Amino acid sequence: CKKSLDQQPISNNTTDTYFAAPNDFLQGINAVYNDLRTYPDRLLNLSETRSDNLYAVSEGGVRDWEGINSFFRTIASNPYVEEAWLKDFNGISRANTLLDQLTKNGAAVIPDAALRSRYEAEAKFLRAFYYFDLVRLFGKVPVFDHPVLTDEALTIPRSPVADVYKLIISDLQFASDNLPLATAYAAADKGRASKHAAKSLLALVYMTRSGPTYSIDGPGLGLDEWSLAAAQLNDVISSGQYAFLTNTGTATTAYSSIFAYTNENNKEVVFDVEYATGSNPQLGATFPWLLVPDGYFQSLGQPNQGGLEIRPISNNLLASYEAGDVRKAFTIQAGYVIPKGVTEIRSFYKKYIDITKVPASRTDWPINFIVLRYTDILLLKAECVLHGAAGSQTTDVDAVVNNVRIRAGLAGNRVNVTLPQLMEERRKEFAAEGSRWNDLVRSGLVTTVMPAWIAADDVRKQIQPFTNNYVIYPVPQSQLDVKTGLYTQNNGY
Amino acid sequence: QESVNVTGKVTDEKGLAMPAVSIKIKGTTQGVSTDANGIYAIKTTIGSTLVFQYLSYNAQEVVVSKAGMINIKLVESNTKLEEVVVVGYGTQKKGNVTGAIATFKADKLDERPILRVDQALVGQMAGVSVKQTSGTPGKAFSIQVRGTGSISAGNEPLYVLDGFPLASASPNGSGNFATGNPLDNINPNDIESIQVLKDASASAIYGSRAANGVVLITTKRGKSGKPTITLNTYAGTVERSKKLDMLNGAEWIDRATEMINAQWVASGTGRTASQTTDQRRAILGLAPGAFNVTYMLDDRWTQPGYGGLNVVDWQDEIFRTGITQNYQLGASGATETVNYYVSGNYVKQQGMVVGMDYESYSARANVEIKANDKLKFGVNLAPTYSVTNDPGVEGKDNILHQALSMSPIQQDLPGNVNVFNNTQYIWSVTTNDPLAKLNNTIGMTKKFRTLGTVFGEYKILDGLTFKTTVNLDNTDNTSKSYTPYTVTGSLSTRTTSPNVGTSGSYGGYRKRTFVNENTLSYVKTFHEKHDFSVLVGQAYNSDKLENVSLSSVGGFGVGGITTLGSASVVNGSTSEAMNVLLSYFGRLQYSFDQKYLFSASIRRDGSSRFGINNQYGVFPSVSAGWNIAKENFLKDSKKISELKLRVSYGESGNYNIGDYSSRALLGSSNYTFNGVPAYGQALIGVANPNLSWEKSKTTDIGLDMGFFQNRITASVDYYNKLNTDLLLNVPIPEVTGFGTQLSNTGSVRNKGLEFEVSTRNLTGSFQWNTSLNASHNSNKVVSLAAGQSQILIPSSFDVSHSILKVGEPMYAIYAVRQLGILSQQDIDNKAALFGTQTVGDPKYKDANGDGVIDANDREIVGKPNPDWTYGVTNTFRYKGFDLTVLVQGQTGGSIYSLLGRALGRTGQGVPDNALGFFRDRWRSPDNPGAGEVGKAYSTFGRIINTDWLYSSNYVRVRNITLGYDLGKQFKSKAVKGARIYVTAENYFGHDSYKGGFNPEASNTNLSGSDTFPEAGDYGGLPLPKSLILGLNFTF
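Protein chains in written order, with the numbering used here: chain A, 59 to 551; chain B, -13 to 1021.
Worth flagging that the hints you see were computed from the coordinates, not collected in a lab.
Here the structure is a predicted model, which is why all the values come from computation and not from measurement.
We treat Cβ as the ideally placed atom computed from N, Cα and C, and that holds for glycine.
There may be inaccurate statements among the hints.
Unchecked claim - If you want the ones that stay clear, here's a sample from chain B, every Cβ over 12 Å from chain A, calculated:
#1 -3
#2 37
#3 160
#4 166
#5 252
#6 264
#7 270
#8 279
#9 558
#10 562
#11 595
#12 906
Unchecked claim - Below, simulated DSSO-like cross-link-like pairs (lysine-lysine); rule was C-alpha separation at most 27 Å, straight line:
#13 79/B <-> 625/B
#14 510/B <-> 497/B
#15 52/B <-> 10/B
#16 209/B <-> -5/B
#17 737/B <-> 865/B
#18 831/B <-> 519/A
#19 79/B <-> 12/B
#20 625/B <-> 12/B
#21 541/A <-> 816/B
#22 816/B <-> 519/A
#23 530/B <-> 61/A
#24 61/A <-> 453/B
#25 360/B <-> 453/B
#26 94/B <-> 117/B
#27 360/B <-> 61/A
#28 334/B <-> 206/B
#29 445/B <-> 510/B
#30 624/B <-> 80/B
#31 334/B <-> 91/B
#32 325/A <-> 248/A
#33 497/B <-> 541/A
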């Protein structure tokens, strides 16, 4: 009779029986990737919307992104801010669980040592990825390299930024030593973290640490690690694993082909977040329409997606494009007209929309989101060189910028490109890719660009004055409430 | 001894012949029965004693002194103290009861147009709060006994139907019983009586399920005498009892004009409100004929007759007067060996909203057979079937909410707005016509439920009885929904992608509860004064739930077909869950001379739901009573006829913690590589092997009183209930991967006072009886997890608006106070502002005094639970007429209304319609309005504030019934009784809820979280009011 009280769940597994077969470990690592799925939306909400690329002031000031865009002091409870903390730490805890299980049972369950170290390297890559996102968003965060239970969690405060980086760097070094080449993966594994993805991310980490400190506990440590970064980037560039897509003949379609639905996992892609449509549970994306107003879909006879109100592109970004820049036409949609309906004249991003590929469900778009692409690697290298790393102004900076410009249908006539010019080129090249805010922060431009932009573009007088504290976000209110005094709030919030 | 023949007639109090009365000669086995005319004849001896016995009638003994006639009148044993009440696993004389038990006599239920048993309980019993949270016909009510003691494990009582404990269910975060409510489909007309065990001494025998009280429902049995056939029928109307004050067409235009002009002026330099539509078009550089509605007005608004536009009152369009009807046929009777009650019922109710209705068929057979003096067995069987149609009316973004928000100015007529081949009126909201949706959407739920009980009872010795029961409750529920593309999306989508907007789903569940209970009871009186009763028992209880859901993806391939075979793609899923409860229980009752009463019970429950370290719980109770009125000093009192003091203490539990909550569950967490799904598994929560039931400890002191031969009877109860080890999703650092962990922690105290008074004010030919109940409850969070003093409940709609805080009521409402409207003087005086506030915006209280308004300025501004709930029933009789009036209400609570917020918030869009209070908004410093609502155009956003806080006080005349006894009009013997009546349900009432229809409505998950369920109103229907005419016949 007592036995009948032991009711095993019918529709779920439990940890009692898990991590007993090699495939369990594979499924465990896949679940760590799963937390990447909201990363593109987060970038668009917290980086793109925060930056001078979007003037996302909503009618009545009621949208969740209003406080992000307009530098409200009271965004500690903002759902986008809350999501970032929870999701990144969820990914970290999954990685830690898997690493812990690998230590305990890995050797017994998985006979193939190479596979074991690949799993370990993938988990470490992803743990570093999530910690890097956290440090860029929040500065100091608690550091854990093992699964953490409630009692311990309640005793660990936010660690210094340097300690967060310590774990990130050691994880990425392990990952770059142990991950396979992208081309070494089987077709069914394309999209997993690779050796050069780890190196690329590590380079970006070094560069971010080399940014200014703004006198806050932010991502920049004021270090000079441009050369360390350049060394990693050189490895990526010399690996021959990737390529800079170029136009052929008179066509100017190379830029758009990077993002084409039919050209996923192309040579530009160093690391991406992958999506597919038609699965149950869904494995598709929502980021394509996140910044696109529903009216646009209506004007084309497509169902509403959920983009709510328009998040218009700033006048400043619109004006920055030179005539004939194919990236503008591809990235930006200038308004729409709904038949027998309203006319919208403001511009918005449509970079990830292929209107012929609208999925059955608005949360199930099939397109991957490129996190690191080869053009970025080349431009990051150029940035390192401008900061003093070994390299040539002509071939490592000017030529790269000119190639980017030529692909965009512009004249490749730039010489002695300066850092501000490079960042301006990055802004246009990576518009809608969520890198603008991080670029401004890393380069130190944020303190000058943002106030100037607000003064020029904020006709509604909605945006609050920018202060250096706004380089990072507040710790979510829910986390401050868990235990008084466990975490302290960032200055300025 | 002389042998004599004795004959006679046995009648009841009314003088009607009683057949089948047993007459025995005392001390022998000889006996006879009365015939159909109540006549008997028996041969006995002088000096012998005849015993006349019949079922629930008091036995009479007569000593035979001579031959001849002895006529006997038997009296039904219905004096109050002899009245028997149903208690857990048995019955008890009301006079001996020591626990707090509320009783509801259900004999008049067939005269009210009610569809459910819970509906009948509204306003009837002190301490039993019955909330009508929905206006959808047939939908479950929410019942709370003595306040709410659980934060997240539900506060609904355990229901026990004729001894069968039904599977408990709690409403989900949206206030719905997603997998059914225990009272679904149970025909109220079959109910004989309902007892609510309120304190732990009465309920603790149900152990880990009793913390929220236990409701014992008894269905009808056959009564002695000739078979009785009853026919009850009624028909009437159903309509809304309330209309919401919204802006009308002209007022909407006035507000839209003000806002659009303000948006235009703010959008750039050189833009003024006086610029015409054409001028604005030129400035914006739009093509001729093009409109940007954010900045441009519709010139027709100022033309006579609005230039052909229609003014629509959407509320009037979607509400209607529905027809309700009910037919019930029953037969019952009893003989020495068989007792039976069979009935069939059909009810159909059209809802007050177009497209909503409810229909149900139910049957019941209760049959009990006495095989011999020792063995008795019986069967209760109740198959039922109901069909509910609800196109999705209540709740956020559902049809009622949309109809309220819908712009009252439209290009097309209602029924054609932005549906079919008609385009949206570009200044209107994008919503599709709610009336067309009601008419074209399918939302059908079919529920087939069968309740069955088989039981046997064997008398082992005199006083010692063994009883075994086997119970099965099976529900098969299917629901189908279908929305054609013609009432979705925009005209261009409907035109270019027909059928893509069509959606359909089909889902269902099978829920099965199996219960086997075995009890041994011993009842004995020693030396006349010592009454003993002992019960021991054992029970096995299992619940199994199977779910299936299928839904279309990407529309349908063909139009006109509503089944999923025509869907482009179908997604499907199934799931199952099961729990087992093993129990042992016992009870001892002792009374001395019916003066000193004592009772104790204990139960041990083991549940598969509990964590492996904590699988068994023990739940004891004790109680004592003193029948003071039986003491010598009161025995002869003319004034005091009854006086009893009751004291009790008991512990019970709440085991609604989810079937597998204690376990480390893994869930799907998939990813994709290169377009191929990559399956992943990850923890979906933090395991807790110590997880156990919530504990509830109740102390109760009660006094039952009767005065002047019980012309006035009253009860007063005081209780103090402490719920500890609450199942709480304790916020934990998210570095663990999760935001909360389910733990047993924290405690809540409920304290209350209950009064029940019944008076017979007038007797004689004009009779007037009053019964009144009132209860006061206050609850307080006593503690939370160690080190925590508050938990902010998440909100799907902005920052938290409710809080669990030590020392404060549960789910206290937490908002910024609105003080009025900002004047220039306020701004000059550096009043605290929220963001970019300006003159004419609302003025908020800077509660923390830091000079700015933000979420830190929230304070506790109200609580959801009322202080007092009450019900008063007055009954008048004169000759053949009777009149019953039930008034019911509550005071002291508040509603934080998300519907009110949706319809009247700062930063609201231009097209949305708004609450009537926008009429008197701030328009300029010289025209500041009523001081409640700021200017229509605001850009500072919004903050949770007291704008949408309403009192939940209400008083409502629930029921007025006027009946006339037609029985005297029938000369035929075939008709034993006939009655005609008129009932008005919910006809009069008053509430202060201007932001919605029903202060008790709950239909939307406000927290957006399963961990802190908080159901609230985001578009709940008003209560239906109905007027019916009915007939009862007895043959």
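Mind checking the alpha carbons of residue 541/A and residue 816/B for me, to see if they're no more than 27 Å apart? Violated. Residue 541/A to residue 816/B sits at ~34 Å, over the 27 Å cutoff.
Closest CB-CB distance from residue 562/B to chain A, is it above 12 Å? Residue 562/B is in fact no farther than 12 Å from some Cβ atom of chain A, at 4 Å.
Quick one, are residue 334/B and residue 206/B close enough, alpha carbons at most 27 Å? The hint holds at about 23 Å.
Within a Cα-Cα threshold of 27 Å, do residue 360/B and residue 453/B meet the stated pairing? Between residue 360/B and residue 453/B the Cα gap is close to 12 Å, so the pair holds against 27 Å.
Measuring Cβ to Cβ, find out whether residue 279/B lies farther than 12 Å from everything in chain A. violated, 5 Å
For residue 37/B, is the shortest beta carbon distance to chain A beyond 12 Å? With a cut-off of 12 Å, residue 37/B remains clear of chain A, as the shortest Cβ separation is near 46 Å.
A cut-off of 12 Å on Cβ-Cβ distance, and residue 166/B was said to be off the interface with chain A. Does that hold? holds, 19 Å
Hey, does residue 906/B actually stay past 12 Å from chain A on C-beta? holds, 20 Å
Are the Cα positions of residue 325/A and residue 248/A separated by 27 Å at most? holds, 12 Å
Between residue 530/B and residue 61/A, is the straight-line Cα distance small enough, at 27 Å or below? The hint holds at about 17 Å.
Between the alpha carbons of residue 79/B and residue 625/B, is the straight-line distance 27 Å or under? At roughly 23 Å apart (the allowed maximum being 27 Å), residue 625/B and residue 79/B satisfy the hint.
Quickly compare the C-alpha distance for residue 510/B and residue 497/B to 27 Å and report which way the hint goes. Violated, at about 41 Å.
This entry does not satisfy hints 5, 7, 8, 9, 10, 11, 14, 17, 20, 21, 27, 33, going by the numbered hints stated previously.
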